[in-house]
Amino acid sequence: AQKITQTQPGMFVQEKEAVTLDCTYDTSDPSYGLFWYKQPSSGEMIFLIYQGSYDQQNATEGRYSLNFQKARKSANLVISASQLGDSAMYFCAMREVGGSQGNLIFGKGTKLSVKP
Amino acid sequence: DGGITQSPKYLFRKEGQNVTLSCEQNLNHDAMYWYRQDPGQGLRLIYYSQIVNDFQKGDIAEGYSVSREKKESFPLTVTSAQKNPTAFYLCASSIVQGQTEAFFGQGTRLTVV
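So the protein lines, in turn, are chains X and C. According to this note's numbering, the residues represented by the first sequence are 1 to 116, in order. According to this note's numbering, the residues represented by the second sequence are 1 to 113, in order.
Isolated chain C (complex conformation) (with noise of 0.2 Å):
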């Protein structure tokens, strides 16, 4: 079945370290995305991605990283810049062209511990 996929569901982290979210999809979209969603909040964009090795910065950029190598994938990267980066991390994906929706993964909800 087509879709998209994030894994792990849940992470934990030590304060200090590096931690990477996969995202994965074979829906064939050009466009991906990452969100981070706090609680009680909407979804807030980090990073974009409309073709293989481009991407730019969301609203959030800031103590995050991302890789476009394929089409595929989209990891995203918390570094320990990211000062509270307790929150559930959501992917996405469309095509680029036309006014359509986007679809999401499962989430993941990464918790510093």
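Same shape as in the complex, but just chain X (with noise of 0.2 Å):
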């Protein structure tokens, strides 16, 4: 079963606009951590925020903010005020304490593209 899921292939957004990709989590583990990158055309991976599981309030890094709803097991990323260079690959990721000694666990992707 998979343990992370980004049901959302593709999206387009307007420049300016925010926009929300969606990503749900299976795990028993009490502790875990949900983490969100970026990666470009050019293939590097950009960490962009990070979730605790034991964190009241949600993730915010400037434009990010990640909507955090634990009962629902939902860690959807928010990018407000789209910019073109927001263009790109998006996945979540899942770091269990308990689990696989602590391996990053990947969801598929969402591709974001940014229209003027």
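Read the hints as simulated data drawn from the structure, not as lab findings. Be aware that a few hints might be false.
Claimed, not checked - Covered by chain X, per the in silico footprint, the following chain C stretches (three or more residues, Cβ under 8 Å):
| id | stretch |
| --- | --- |
| 1 | 18-26 |
| 2 | 80-92 |
| 3 | 106-113 |
Where is the CB? At the ideal position from N, CA and C, for every residue including glycine.
Starting from the two chains in their separate frames, assemble the complex, guided by the hints.
Here's what the structure looks like:
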């Protein structure tokens, strides 16, 4: 069974608008972390934001925020005021403290295209 | 500057040959990882290591081998036993304890010719 599910293979957003990229996860470990990475066409993986399972508040980093709904096992990424440079693949990932020595498990990604 | 370096950026291999992808980090991280990425797919774990001279198989280790003789280095060998090696390979490192992000290299694109 997939542990990280990203249901949107591709998304379009108008420049300067906000966009939400969906991510749901599956774990029985009470302690885990959720991560979002951006992968531009050059291929490198750029860390965007982190949310811990015990964090009371949603994480924010500049234009990025994470809408964490623990009961629904959902960790959606919200990008505000989209820019052309935001066009890239976005990956949601999870690290379980108890399993697999803390390896990052990735979803299949969402390709975001920002239209001018 | 601290970071993680992969080389080469592009690699071509003839069928039946072994090739080694280099990964070096100067972040003083104990944990290092190798992932494979196929077009339109997420990253799949090949091998990981949490300490020098120790490593474990990930989800798709068949046809690959690694070594961890130094903390800074975690080379990946793609052997002739790997039937479909053409892919993008990413190396990452992280501290072991705590929920911290992994830092990635620039990747190596391997093509079998």
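Checklist entry - Of the hints stated earlier, which fail here? => result Result: hint 1 breaks, nothing else.
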